[in-house]
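Model the full assembly from the supplied sequences, consistent with the hints where possible.
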Amino acid sequence: MNNKFDALKDDDSGDHDQNEDSGSPKECEKEKNEEEEKDQNKKKTVVPGAGEHPLQYNYTFWYSRRTPGRPASSQSYEQNIKQIGSFASVEQFWRFYSHMTRPGDLTGHSDFHLFKEGIKPMWEDDANKSGGKWIIRLRKGLASRCWENLILAMLGEQFMVGEEICGAVVSVRFQEDIISIWNKTASDQATTARIRDTLRRVLNLPPNTIMEYKTHTDSIKAWEDFHGLVNASGGR
Amino acid sequence: MEVSRRRIYNKHLQPARPLRRLNIDPDSRRNTETETFACSQDEEKPINSIGVDQLYEIINLHTQSHQKPKKERISYSREFLIKLASSPISKRRPDFLPEHPVVLEKARDHDISRLYL
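Chains U and D, in that order, are what the protein sequence lines are. Sequential numbering from 1 applies to the first sequence in UniProt numbering. Sequential numbering from 1 applies to the second sequence in UniProt numbering.
Keep in mind that the hints are not guaranteed to be accurate.
[Stated by the list, open to error] With a cut-off of at most 27 Å between alpha-carbon atoms, the simulated BS3-like pairs for lysine-lysine come out as follows:
| no. | chain 1 | residue 1 | chain 2 | residue 2 |
| --- | --- | --- | --- | --- |
| 1 | U | K82 | D | K91 |
| 2 | U | K214 | U | K120 |
| 3 | U | K82 | U | K116 |
| 4 | U | K82 | U | K129 |
| 5 | U | K184 | U | K120 |
| 6 | U | K221 | U | K120 |
| 7 | D | K106 | U | K140 |
| 8 | U | K214 | U | K184 |
| 9 | U | K116 | D | K106 |
| 10 | U | K82 | D | K106 |
| 11 | U | K120 | U | K82 |
| 12 | D | K83 | U | K116 |
| 13 | D | K106 | D | K91 |
| 14 | U | K129 | U | K116 |
| 15 | U | K214 | U | K129 |
| 16 | D | K91 | U | K116 |
| 17 | U | K184 | U | K129 |
| 18 | U | K221 | U | K129 |
Since the hints were made in silico from the structure, they are not lab data.
Listed below in structure tokens is the structure:
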């Protein structure tokens, strides 16, 4: 638990200028700690409110931001990723979404993740470990709109691939933004083809947009190779 | 006579029973059917037409039970989801929101309506 909050502290001490924490940091952490534990209990029992429109699955919003000066490891990634909340109905989704910054307005190296409840937005999660993702690189200015079209299609069950969808990610980077959708079985070509076709249909992308499928095994390997190189040359 | 009519009736009614029950105890089922048969005799309906009606029922039951998993998938169009964004419940702040730079105090509903119109 402590490590998690160290990570959060780092996150806040980065180049965020919106952060206006008051009070002693220790106390704040304690409160956050308790609140989060309460949240965890709530999250497990999230149900549609009376008269609301239920979703096929419950989903959880996550946010992560690269913390400068931290050793990059899969463990620190897990510590650095923050749950925002879970929802079970369309109305609950909008309640969260309207109280969050849109991805196009984020600064720095950060990601929003929207995953089915119970699936962590990590390669190592059981639901993801044999999976992969479709990646679409976007020029700056398109992220919010594309992200919204993507998650609305996911929540509305437009992909028609059964239980295959795990979640979606929007990654804000320096010169481009990336959106991706993760599925369970990278080797299932009928499913990945169907996801690709649905993406084309729902995203309204510029005609020259390139779509790339990447298995998580490849992602892990590439990540290890890259960080191996960095470490060998004396970097972090 | 009684015996042969019973047989005909059984032939038509049998598939209308849930398959599970068919396999479990055929004997007790046969008894109930005899009772039902007595009732329908009062209405003076020809046995054949009962069979046809029930055949349709059977067909309906079968198609329903096969399609159910698909029908139960809850799907929404983009337009419908966007329409729901403007309902008052959708604008309320969630009860549990962590304190975080990307979490806003007030809903930015003006953004949503501008975006989707």
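Status of each hint after checking the structure:
no. : hint               : in the structure
1   : U:K82 with D:K91   : holds, 23 Å
2   : U:K214 with U:K120 : holds, 18 Å
3   : U:K82 with U:K116  : holds, 15 Å
4   : U:K82 with U:K129  : holds, 21 Å
5   : U:K184 with U:K120 : holds, 12 Å
6   : U:K221 with U:K120 : holds, 19 Å
7   : D:K106 with U:K140 : holds, 26 Å
8   : U:K214 with U:K184 : holds, 12 Å
9   : U:K116 with D:K106 : holds, 26 Å
10  : U:K82 with D:K106  : holds, 20 Å
11  : U:K120 with U:K82  : holds, 11 Å
12  : D:K83 with U:K116  : holds, 23 Å
13  : D:K106 with D:K91  : holds, 9 Å
14  : U:K129 with U:K116 : holds, 15 Å
15  : U:K214 with U:K129 : holds, 12 Å
16  : D:K91 with U:K116  : holds, 22 Å
17  : U:K184 with U:K129 : holds, 8 Å
18  : U:K221 with U:K129 : holds, 13 Å
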